[in-house]
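J.: In case you want the letters, here they are:
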Amino acid sequence: MTAAISVSGLVKTFGPTRALDGLDLTVREGEVHGFLGPNGSGKSTTIRVLLGLLRADAGTATLLGGDPWRDAAALHRRLAYVPGDVSLWPNLTGGEVIDLLGRLRGGLDEKRRKVLLDRFELDPRKKGRTYSKGNRQKVALVAALASDVELLILDEPTSGLDPLMEAVFQEAVEEERGRRTVLLSSHILAEVEALCDRVSIIRNGRTVESGTLAELRHLTRTSVSAELAGAPNGLAALPGVHDLKVDGQRVRFEVDTDHLDQALRALVSSGVRTLTSQPPTLEELFLRHYEDETPKVSS
Amino acid sequence: MTGTLALLRLALRRDRLLLPVWVIGLVGITLSTASAMGELYGTEALRQQIGVTAGSNPAFLAMLGPIYDYTTIGGILAWRWGVFGALLIALMAMFLVTRHTRAEEETGRLELIGSTVTGRHAPLAAAVLLSALASLLIGVLIAVGLIGLGEGASGSFALGLAFTSAGWVFTGVGAVAAQLTESSRTGNAIAGGVLGVAYLLRAVGDAAGDAGPQWLTWLSPLGWVELVQAFADDRWWVLGLSVLLTVVLVGAAAVLVAGRDLTAGLLPTRLGPARAPASLGSAFGLAWRLQRGMLLGWTLSLFVLGAVYGAVARAVEDMLKANPALEKVMSQLGGSGQIVDVYLASILGIIGLFSAIYVVQAVLRLRAEEADFRAEPVLATSVRRLSWVASHVVFATLGVAVVLAAAGLGAGLVHGARVGDVGGQVARLVGSALAHVPAVWVVAGIALLLFGLFPKLASMSWAFLVAFLVLGQLGPLLDLDQWALDLSPFTHIPKVPGADLAATPLVWLTVVAAAFVAVGIGGFRRRDIG
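Line by line, the protein sequences give chains A and B. Residue numbering for the first sequence follows the numbering used here, beginning at 397 and increasing consecutively. Residue numbering for the second sequence follows the numbering used here, beginning at 716 and increasing consecutively.
Isolated chain B, as found in the complex:
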């Protein structure tokens, strides 16, 4: 452990920009949401209304979990922002840990450090400490901020520390994942997979209804964030589960570190083929090789997510049949469409946002190839710059259609089987899922534009995606002006199935995306590589 503090200082120095952005961003979004809610739902009656309508809407249950207390702003905030806030803080934690452990090892910088007076466990300890302290800081700042806004102290700390606990658990998940493979990319993918499963488990558990497997929520660290029931019961002992799991995970990571060589992974690397297959002979062949794993992973994940959401759709109908009053409220909320369609449309909206993560990853692969000097030898062959960019962009643009179609297929198969119309539901839901493609293309366009014109800022694409997520999730709730909501391409997608599939916005989004892509590629063809 010798040298942990020195390494922690080094990490703080390296992250002197990144870390404040995460902390201020997460605290800022949470507190401004709470403050805006305070103005919107100033009276008890207004709060009761949202509690009764939204709190029992199954789409919201699957996406956000149940609402435990709608008498206070804090309680509404815990419901509306709890899972998503926890998701973001978990992402921060796992990125931070991989960045300071496996990524350092992969680049060989850790070797330099390992040869100085630092203990074997120091890099892991420093990374875990950094991430745990950042999570704690965010949680405490949120709690203090909420108290400042007039919320109860106990509830405020319960919610703030629930966010912290999600950060801690995924600090542990990231620490273990970083030990398993030799590449930080795969490490992040493993940790991201765990996060996806955690989200899914609580989605099924929350939407299951009284007869269903509600216990699934208890298996998910993201579920624990809800189960703390901040502002309602303030069940502090649930936080203990997170602390316990964190200790176990970090301990496991420490044992793994002690048992392996520097730069080695736990999963063995085997010898591969001595000759390249015939497919690996063009820019596209190379891109396929580099992108196929990610495409396959996303296709399978969103297929499963679609199927899980599809499985819940029937329960939505049952629940509504039993409650005619709610049915009336829901049809007012969801416009003309059938209730189940309103539900399906809102889950497809979430899936559309998720698929945009894939697209940003696929486009940023270009920048990674360039920054790691792997683009140079390829561009020094007869491969044209245009072909090289296009070979990756194809995966972003067509790949996302595959990913979304898989989600629609999953939802259609399961929901169709339950209502006895597989063919019809599959066609309808695949079509509805694909309606989100143009909006995701705009995200791809933004990423490519940054890559082509300002390559060093390419990773800012994530900021745009987070902004769209916040606009989509919190915008309507905060009663933002329509022009602000319109900034997100996802706002313009018709709420299908249910709503009419208007072609005009889709065409416009495609035109905007195409313009971004053209400018990005044009910029790339004119600029220096490196």
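Bound conformation, chain A alone:
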């Protein structure tokens, strides 16, 4: 599979701040790629380099087979972008902005425009200055989703949407799967979990993890709680089992996903009455990468 976006060793500094510090990112053609990171980690900077709005200080970036800085205008015909903070012209209506951006990208799917306006419940006749943050985002989303392009770059596109509209958004992106490549920057983990084939987690301008959710889960723990028929059997001695709590015949523990199999065998040998197992959430993945960022109180 070819890469729609491939970035390696990207560096971008603003004065003394190093916004990108050797960032790597590969987005395969046709996938929905989640781009995760806390505020200020460099997500938007990466996207703006990919759009040719910023010039990288070092590293390479390839977008749809071209150079994002040199071939900007030609590449932009093939992509649509939704900025994190959508700012509209106060005197243009939402409908006018959708048409304008669509035309500037080189074409708009009329049918899709209509359907999306309906689904997002957006009144296209309102002036830009009268829209709320969520409605401004809807304008940009409709313009992007109705555009006839192969790559969608969405920078925290749902930060102002209500849960109903968030669902509409997820539905719309679901429909794009396979037809277009999507780079979705977000810190709404449920959204990324629901939509993305692969994820890259960045921190301080560097990629710390990249892969499918299954691959990433592999690196972390599953929580298990069970009610057993007898006393637990040698669980404590098993490798990979953590935080074991035994309360009579009830057990609770976390286990490295690699060692899940052995742990379950140990449970079965005691007889299992009830069992709940919870795969690691993205939250846990995420927190695991950031927990050492919170200042330590004691050494």
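It should be emphasised that the hints constitute simulated quantities derived from the structure, not laboratory data. Because the structure is a prediction, the values reported are computed rather than measured. Using N, Cα and C, we set each Cβ at its ideal position, and we do this for glycine too. Possibly wrong hints are sitting among the right ones.
Said to hold, decoys possible - Here are some, though not all, of the chain A residues that point toward chain B, as calculated from beta-carbon distances under 10 Å:
#1 410
#2 449
#3 488
#4 490
#5 497
#6 526
#7 536
To be verified - Listed next, the in silico DSBU-like pairs over lysine-lysine satisfying Cα-Cα at most 30 Å (straight line):
#8 A:523 x B:1171
#9 A:507 x A:522
#10 B:1171 x A:529
#11 A:510 x A:529
Following the hints, put chain B in place on chain A, whose structure we already have.
T.: For chain B alone, coordinates are given in the frame of chain A:
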């Protein structure tokens, strides 16, 4: 009103650079002008000479108003700098008020403040207080400075407080304008329009002559600055008019604030079209949509200004026919040309400077689009950076030709109708107005250069424009060296009609402007957006 003082402190903190620049700038220009005049017109005889010649020159009457006292330096200063100084302080006042009221509301920052313990009227009160105090400070500093230069105390305070009064009235105008619309840009445009009308009313009134509608000057707050007659009569009660009008305007603004929602304007917003017209499909289409209102406004305004000045031209001739001695003096002043041409050339010079304001606004629109994150989504489409810049620069470069042609047309139509040669005068005056285009292009070039290379300093373009205005208005009077005067592109424009239309300086100005534009665009294509 709770929280007014806290907001005032916040405003002072935000403006800790801007405010001193305005205060020191305005006081500095005024006092250095007075001091230089003191050296130039040291003797009573010299002062009498300028009083008799310049004080009755109709071009000067229309631009500056009459001279009431030419026996003192203060009196000459009040005449030469009164209207322009008042114009600048009025601009300061209206910018300050909009900046701290409507602009804050538009960005949503006021919402943050409104949710704290601040009264509904506190933001308006703080902005008005800030602007009124700044105006008062400028007026008092000028008065004290003039006394220090040896001028009479009464006249010095009359002139200083006349400047203050202009600042106060336009504090009120800005406060009301900020309530009317939802955008600070439109608010400033409305207040600027009022300022333009005020300037025009007094121009017509002052140049009208004894038989004409001289009372028009009384309708203009800028006219009141002259009518105080500082150093001549010191008519303090005229200042009372300004105070009264200020109170009425600020009161009206306070009533308007109380009667509306936060962020809402008074002028209603209606629903617009759901689809974009076919014209809105390219970078140029977007720029046309964003720039057309301003272009139309300036074209109409300068057409009217041209027509008003044109209407006075005939009176100039009459006045001179009745006074052969003055005619002789004027032809010495204006060189070889006919008297009326000297007049027309000098008003076209002023119009050329005004049109440069339009050009700076048109170019700075680029920076506003960029800073407000509206450029980004457009540049993320197939629009090239070059096309995006060019789509706006076209309005600055060709738009200014339209604006100046309209001014020439207005002057030509009215003056032509009066002298019975419409076709000839229109052609002559449109041509003469267009001769200023290359100088204005240089201003556009400077603005674009700053935008391309130092985007955060783009608004410094205004400083260049003010410098050119000061050089043009005060330079010759202060007897500055020619090289200093030559720094302003407007110095190099031949004084048409009347003088020969020399092509060489126009070509050079165009070359310089083109170089600035090229460097600016080149810089923009290489830099980061944002």
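J.: So, as I understand it, the hint says residue 526 of chain A touches chain B; can you test that by seeing if any CB pair is closer than 10 Å?
T.: 6 Å, holds
J.: Answer holds if the nearest beta-carbon of chain B is closer than 10 Å to that of residue 497 of chain A; otherwise answer violated.
T.: Holds, about 6 Å.
J.: Using Cβ atoms only, decide whether residue 410 of chain A comes closer than 10 Å to chain B, and label the hint accordingly.
T.: With a closest approach of 8 Å, the residue 410 of chain A hint holds.
J.: Take the C-alpha atoms of residue 510 of chain A and residue 529 of chain A, compute the straight-line distance between them, and say whether it is at most 30 Å.
T.: Judged against 30 Å, a Cα distance of about 21 Å means the pair holds.
J.: Min Cβ distance, residue 488 of chain A to chain B: is it shorter than 10 Å?
T.: Where the cut-off is 10 Å and the nearest Cβ of chain B is about 7 Å from residue 488 of chain A, the hint holds.
J.: Please check whether residue 490 of chain A passes as an interface residue: C-beta within 10 Å of a C-beta belonging to chain B.
T.: Constraint on residue 490 of chain A satisfied, holds at 8 Å.
J.: Take a quick look at whether residue 1171 of chain B and residue 529 of chain A sit within 30 Å of each other, Cα to Cα.
T.: 26 Å, holds
J.: Would the hint on residue 536 of chain A stand, with a C-beta cut-off of 10 Å toward chain B?
T.: Status holds, d = 7 Å.
J.: Does residue 523 of chain A pair with residue 1171 of chain B here, judged by a C-alpha cut-off of 30 Å?
T.: Given pair residue 523 of chain A, residue 1171 of chain B holds - Cα atoms ~29 Å apart, limit 30 Å.
J.: Would you mind confirming whether the straight-line C-alpha gap from residue 507 of chain A to residue 522 of chain A stays at or under 30 Å?
T.: 21 Å, holds
J.: Given residue 449 of chain A as an interface hint, is the shortest Cβ-Cβ distance to chain B below 10 Å?
T.: Holds. Min distance 4 Å.
In this structure, every one of the numbered hints holds.
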